[in-house]
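*Asks:* With the hints as a guide, bring the two chains together.
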Amino acid sequence: MSTLTPTTEAPTLPTSAREYSTEVNPALVAELQAGGISLGETFEIAISSLTANKLRTLLTALGIIIGVAAVVALMAIGRGSQESITASITANGANLLTVRSGAANQGPGVGGGVGSAQTLTSADAKALADTQNVPDAALVSPEYNGNGQLVAGSLNTNARIVGAEPAYIGVHNLTLTEGDFITDDQVNSMANVAVLGANIATTLFPDGGAVGQSLRINRQSFKVAGVLASQGGGGFGSIDDGLIVPLSTAQRRLFGGRAIQGGAALVSTIVVQAKDQNSINNTLAEINQTLRIRHDLPDNGSADDFSVINQQDILNSVVQTTQTLTLFLGAIAAISLLVGGIGIMNIMLVSVRERTREIGLRKAIGARESDILTQFMLEALIISLIGGLIGLALGVLIALSVNLSGQIRAAPSLSAAVLAVSFSMLVGLFFGIAPARSAARLDPIDALRYE
Amino acid sequence: MDAIIQVRDLRKTYHMGDIEVPALRGVSFGIARGEFVAIMGPSGSGKSTLMNLLGCLDTPSAGQYFLDGLPVEQIERNLLAAVRNRKIGFVFQQFNLLPRQNAQENVALPLVYLGGVPASERMARAKEMLELVGLGDRLHHRPKELSGGQQQRVAIARALVTRPALLLADEPTGNLDSHASSEILALFEQLNRQGITIVLVTHEPDIAAHAQRVLTVRDGLLDSDTHGGLPATSVAVRPRLSVLRRRPPLAKRRSV
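Protein sequence lines correspond, in order, to chains C and B. As numbered in the numbering used here, the first sequence has no gaps in its residue numbers, which increase by one up to the final residue, 451. As numbered in the numbering used here, the second sequence has no gaps in its residue numbers, which increase by one up to the final residue, 256.
What the hints contain is simulated information worked out from the structure, not anything from laboratory work. Any given hint might turn out to be false.
[What the hints assert, rightly or not] Derived, one-sided and incomplete: chain B residues facing chain C with beta-carbon distance under 10 Å:
hint	residue
1	VAL83
2	ILE88
3	ASN96
4	ALA209
Using N, Cα and C, we set each Cβ at its ideal position, and we do this for glycine too.
Chain B on its own, in the form it takes in the complex (with noise of 0.2 Å):
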């Protein structure tokens, strides 16, 4: 069984001038090569937090961080760009494209920071992504020129395009319509087949309702942990090792 991330009591607790205000207060979880899981949770539960220690966005203040076998938490915080380049894709709510490229160069934009890619292979590569989105007749065309579901689409063929080892999306579908929002979630769904390991974060039911199993933030700590269609269980603190040692993995087809 391949563990993708590993968690161990990670803890976060920032630092408001004098005040203490803790975060994460001890959360432990594994996900599994190939796995659609849902992180759900209030706002101020501390999921935001959590997402931005699962994309190497920010350092644990203790506790374990294991991603792809790379022990996170001990990496230099400078040497974490590489890691979230190689590793990571990220899907957000903004989209975030730049504006003055069209979607192929969008796309190709992590390559560029992976170095050693020449700009042929770049433009390659992003096509072959944008293709697998659906978007293979839009490679030129400029964000403002596409739908919102569009644009989520060229982010994430961006977030695919150097063949990350997860694909962590924050809120993907905050900004679209019902429409483009099942457009994407079916994406999504498909390229999870397709064996990419996704982690989605969301405050709607709905939307978390697409993943395999959900796991839920509360004042800091892991709520439960839920699998498709059965009843919640609660899991407070404990690690759920068990969990990732008890059911098949879910793909078949590791690469994209």
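Chain C extracted, bound-state conformation (with noise of 0.2 Å):
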């Protein structure tokens, strides 16, 4: 037993002051700081606390709740609409680099604009191909774009065209749910075939079964040789609402008058794809030199007249966007974590005071104050640690009812999780802190006559 012992076994009353030590021993300091109830214990009385209340507790709790579910289902959402944008850009193809005629506006002045003057040709497409020229290429897919009326029996509809070579596929990722895509023997032979978007395909033959059948565009006559596969995704130039037909009947017999200038087939854009993601700036570099050089433009700093858009820049700047976005949802939503750790308080000091008689109790009793400032923090970091796991399961909940809707796509990451937890702990720590030092310096002596 640890009880304390004296020095001597029955001390002598002393007859006068002296011999009293005035002393501290030591050794009695160290006896007196040994001992005292453990941690484990301490959780025990904080946990039996919280259960005699069950409801309070719940209430108390309800504030973390709340902050830490919509940290993690906001934090999700934002999370899953980057994805979604990302996944709508890259839906396009991977590693493209998109080159247009006419000079980025950069510096002072006006510039022409992106396209503004048409300096790109079929033979520019083909030096680019040339793998002497940009071996780091992995596709070139040279397309011109226009627009045309469809007419399919008694249908019809406007619609985007695309003058497109066997590249084409390739370069933007699509796949063919019936027929065949373009071919170079088309492309060669001016051929009036066309290969239909999905969505187009359902507008024009309902019943299905294009390929084989005739549609007229522009008043030319020509038959459906496959159908593509929706791409999804949406915008971003999305093919799902267009037809392909080949390079050369683009270029010369559906828009003639724009296409061929001074002799040369003008492109729209030639996409380039690089053969990974690591190739994208020698690529970038290698269609630069190449053009210049084609374009006879000297090294004397004059600008380009054309321009090449990464792919890569484009993701860069919209995921920099969606990650701002979501760090201010979240920024949002903690600020509904701090109301709740000031629940925590208020609940807390409120509880302080109506145990006031139990904290005398437990002082007098032999409680140290660390014991009862120990008890009262641990009562604070237990409740918001089960409402920031409350929290989380129902964050979780809503992000994927979120995404059950199929409106907005919610990815519920570990990370936010993790996050939203241990600063859910954070604030139980922080306004925890008040109410036990309350409790742990009550006077026993007053906190006992408390009524």
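*Replies:* What follows is the structure, given as structure tokens:
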């Protein structure tokens, strides 16, 4: 047993003060410091205090629950939208560089704007496809974009028309649901064939079986060679609402007036797919060099008459924007966590007041200030941890039901969960200090007389 | 001769803003092991202050207080909790039992704060103490399922469970009817016969009459120090060490 024993078994009563030492024996201090309640026992006391009033504990935790749920759900929605935007950009193909006519608007003065002067030709595309010029390119797809009136039987619609070569399907990561894509032979022979986007196919041939049927584009007869699978993603130049014809057909038969200038066949864009992500910069440099030589641009710093858009740059800026948005949403949700923390402090201050006599008694029978402090800190921490975990579950549930709705995507992440729960613990720790200190500092005499 | 309590010129002054209120103005006395002493005095006499100082619930402004050989006034305030836990058993007017815990758990509570006592031993010792106060058949009753007298017995068992040097009771019968009061006082007398030192603070002469010795406090000073049946001897401020020297020890057995 660790009860205190005096240095002598039975000290005799001294007759004068001199017989008592005025120094406190260090061994005695050490003995008084030894022992005491263990952390485990304090934890049990904290738990039993919390379970004694379950409803109040839950209501105290409610602020934290809502805060954490909001943080987790909003971060998930932010991340989800980022992922879906990224997916819709990369749905057009990965590692793409898009070459357009006209200089990018740089520096002072009024620029011509991208595409204002048609300078890119089919010959440029052939030069870029030459591996001696651009060794880092995997595929090169020259494209001519236009619009036209489509008629099939009694149905008609206006649609985007793309003149393309066989490389198109690989560059843009497309698949066919039926039929074949445009072949080199068809490009060479300026064949009147068309490959339909998924939506156009259902618009013009609602009964299916489009392949082999004929339709009229700008009053010329075409045969349907194939139908593309839906690309999804929406926006960013989805081909679902357009159709594809051989590049030469588009240049010379459909848009002959505009596409042939001075004997050269113009293209709207040349899309170059780099071999992989690491070779994007090399590919960019090679494209620049090749086109500057072909366009006779001197090396004295004259402006390019074309521009190259790096898909990665667009992706990066989109990701950055959505990340900022996600952080912003999270910060707003974190404010509710803070309010939840104030709720904990408020209820715990009331609880300390209610339990004044209990605290007084515990101190009278041997609880040290640090024991009481620990007990109340643990109570605050347990409340915020429980609130954090319930809030986490709720937040994930909200994110999943948002996903089910199909309107917005939500992607719950482990990092957001860990962040939210540990932040809620910090909140509990911070707002638990004031009530715990006021409990620990209660004077046992006053506390025991408290009515 | 053993001195459980040795007090020399103990003083306590409270500060109410700028006003100094002297509650104890220099009190000296000794209490030997095995004594049953009542401290009496009207309200405002300094009796409660004296009890708080003896119970290590408060620290004196001046003077010396030795409790079982420990120089209490020199011990750091934070360490006084350990002194209270190991040296003193408290009995209060309000019982102060934890309402959600049963009698046995309430009695075992000081052992939790003592530390190093396994739960099974805590419960065994709590049971032993409850048997000692005659509640061996009420181990699992909650306070509200017990009468006032029984609750106070649980509180007494709790006070004794760490085997303290001193049992300090503050108006222990203040909330009890006369029947329960005499039961509790009989228990105190029984415990005292077993060697337990008891200091009982009260303002009722009937209660104080059960003690062998009565210290009367008035205006912050010791007014009288009376032994059972003998007429009051006014002692004023002088230390009464001679009293202790003259009297033989009352207890034959010292342990519970």
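*Asks:* Each hint: holds or not?
*Replies:* Outcome of the hint check:
{"no.": "1", "hint": "VAL83", "result": "holds, 7 Å"}
{"no.": "2", "hint": "ILE88", "result": "holds, 9 Å"}
{"no.": "3", "hint": "ASN96", "result": "holds, 4 Å"}
{"no.": "4", "hint": "ALA209", "result": "violated, 26 Å"}
Hint compliance for this structure: hint 4 alone is broken.
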